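As they're listed, the protein sequences go chains L and G.
Read left to right, the first sequence gives residues 1 to 323 (our numbering).
Read left to right, the second sequence gives residues 1 to 304 (our numbering).
Hint data in this document are derived by calculation from the structure and do not stem from the laboratory.
Some chain L residues judged to face chain G by a derived CB distance under 10 Å, without partners named:
#	residue
1	Asn46
2	Pro151
3	Ser295
Taking CB as the label site, the calculated pair distances span:
#	chain 1	residue 1	chain 2	residue 2	range
4	L	Leu21	G	Ala119	52 to 58 Å
5	L	Ser295	G	Glu51	40 to 46 Å
6	L	Asn293	G	Gly179	19 to 25 Å
7	G	Arg105	L	Ile301	37 to 43 Å
8	L	Gly178	G	Glu236	32 to 38 Å
9	G	Leu304	L	Ile301	38 to 44 Å
10	G	Arg176	L	Gly178	49 to 55 Å
11	L	His93	G	Ser209	34 to 40 Å
12	L	Pro98	G	Gly179	48 to 54 Å
13	L	Gly134	G	Gln82	24 to 30 Å
14	G	Ser209	L	Val126	50 to 56 Å
15	L	Ile301	G	Ser209	25 to 31 Å
16	G	Ala119	L	Ile301	25 to 31 Å
Owing to the predicted nature of the structure, the values given are computational and were not obtained by experimental measurement.
Beta carbons are placed, not taken as given, at the ideal position from N, Cα and C, and that holds for glycine.
Here's the letter readout for the chains.
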Amino acid sequence: MRYRFDRQSLTRGLTVWGPRLGLVAALLTTCGVLALLRPHFLSLANLTNVVRQVSINGLLAVGVTWVLLTGGVDLSLGSVVALSGVVAAHLAHPGMYPLWVPITAGIAAGTACGGINGLFVARGGVPPFIATLGMMTAARGLALVLSGGRPVSNMSPTLTRLAGDWLHVPVPALILGGVALAAGWTLRNTRPGRYLFAVGGNEQAARAAGIPVRGIKGLAYTVCGALAGLAGVVLAARITTGQPNAGAGYELDAIAAVVIGGTSLSGGVGSVGGTLLGVLLMGVIGNGLDLLNVSSYYQQIVKGAIIVGAVWFDRRQRGARVK
Amino acid sequence: MKRVMWLALAVLCGCGRPQQAGKQERQVVIGVSLLNMANEFIVTLQAAMQERADELGVRLIVNDAQRSPERQVQQVETLIAQRVQAIVLNPCEVEASSPAVLKARAAAIPLVNVNSETAAQPAAFVGSRDEESAELAMDYIAQRLGGVGGVLMMEGYMGQAAQLKRSAGAQAVLARHPGLKLLASQSAEWDRAKAVTLMENWLQAYGPSIRAVFAQNDEMAMGALLAVERAGRKREIVIVGVDAIRDALQAVKEGRLDATVFQDGRAQGRGAIDAALRLSRGETVDPEAWIPFRLVTRDTVETL
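Looking at chain G on its own, in the form it has when it is part of the complex:
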């Protein structure tokens, strides 16, 4: 047992050394805590951050909170203890991740929220207004249907910020178009397999009155698309997703998926690192940098 402890100690010391060497060269270290690296969008975000950090000669310490706000707060505590010069937080949750923001503030380490918000005010925010994505998607559906027809909405994980905001954005557009009837709105928990099942059931329940499906992310849009195609009804039903993941873009190119909405994860990731670096040098930055969404259809997919 004693030997194991010595070994562990030696390993820990070994790990600590390069960091000290880094400090001597005054290399800036930025700590990052991400929502969930099993998510394709977050992977894009992380890749963009790493790319920008490499360009600027900044070292990143990247943690994956695996959707747990509690783990995220612990990770930020550890980053504070390591005395990183700035923190980039990709919050798991509006309220539950807020302690992370407050702790960084108390330790006088600048913290930048990227992609989604917390109740507590960070030093800076870089992201997109999530309602806008749903508004773009639903506006496109309204235009395609000429403002008349039955619409289904597939929601994300209930209670998450993205689900709440995308629902709010979609509802705002529906309120402007009295001819659009929301037949049903259910959660498929961002999941492609669940979306296939839900869409199969909806095709049975609502039959010919379905004219369009708005899925709050592309995973679910792809699931809905599979079910509609298998039922041989794609020609009558417009399907729109959000996120512009690779599969969805491919499906838009092939003319299978009608549209998706591009959230510029690359610009968000790069912007967050820029803001964090400037804050660490004591410079001021825009407290809220909004990166706009873009509607992607077959006509515009090549311009992406």
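Pulled out of the complex, with its shape left as it was, chain L reads as follows:
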């Protein structure tokens, strides 16, 4: 490609960004309506809150994007969040270990869970739904065993700072930003990233083309587990405890955000950028419903309608190009 703005790259740019224009419009419209109804929605403090609040779902969603791209699913995210939070909190009592120990241990716990998921899916041929459902139960059980069913508290302030601000920007949002950039770049520009799309698009063709399908699948689940582990550590820092019953249902929020962001549940199509937009849309709606004091009963109805509505709208716009 000699010319920067030749026709081919222009078309390619539109195909990459075009599908997301609807989502960007939905996000801006929602923000506009909220700003009209509640002017302090646009206050810096509130917008800071929103990015802080979406960070955990964001980390999970970026990870599970990889898994959904291969045509799989990961239902164990919420339980893995609880497990890694408990592991981190156990090692984070004041004066116990330096900061990197609880963080690394939490991420390692998540990575191990993801690795086991990957092993059963890629090598064992267990359907992803079942393999990760098993992990969902087992990881929750392990979190309960490690904590004795009680929150693990007395956390050192060095770890809780992970949920604080750095130069007025929430640290969790910075972490999410860094992770999303790395994950998105890897998907687009590296060989394993490209293979991920190929495996999800047509597994048999990918195998015939010599792509190490098992390895790629295993990689996707492991990365997803590692990010769930990181999310668990950030959540533990945010609530200053490791909660064995934290994270229930988080996997569904994450998957919903990914699908709203245009990733196909059957694999092969999607992007980290779209996922971030989906995460932001869900976060803004959650924040807005609280600001508007919509009753808890109606909040659930509104959230459900928006998840289905956003995906329906997005798919209709894109026509038959997506399965």
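Model the placement of chain G on the given structure of chain L, informed by the hints.
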């Protein structure tokens, strides 16, 4: 496949044996089905039951229904089939757990409800009146604010008995204090992380008019406390929870959390085992034993 089945059979027989031996010694066996052992309060309840059972030489079979009333009914059916002498039920749900009570009655096995109620009438009930906890908490808020100011209420999982009763208790107190204004009332689903998020949003929406937060459990109170502290507004906002979990008691001691309400899980658990044992021997017990709640503030926390 055949070998696996034989193996399973052998394991089952092996499991059955100690129970038979127990029967010969006429050791009383009490079956227990608990709401959710991932909940700290229920763990306390279970520990108290086990402690009392050990003291009395009673054997407990403990099941965790993991919040599912359907699973709970199945567990009680299994306990009935095992011919336990009494059952202690910690109901998941008012209506949906009722079949468990009816089935035990039909099998003539005495059943004691502990901590929360079912629509069907058990042989005995040991627990606390949940409305009372919210009344104590809201009365304390009214007293601290001198009866005037904006109040927020964080509710539990919508539709659960504890949420409904604690809301009713809080509303009753609010009705007596026209100066207290309920700014908003939302569910954070008993969850600390959800409570942090909700409180952050409330601080934006209601700003300086917030004078107090009543959270229907301590998990949510701790979440609200974190958000208020991070916003640097703890000095102006009174926060009260319910349950007296360890974290909350610690926060009360440190003067961070204003108050919590102690539900005596230990007395409930021990009382339930006592009642079940007496019923299994054909003795009569009080059909409703109420264990009172206690308000815990910095002044009274050491007496707990």
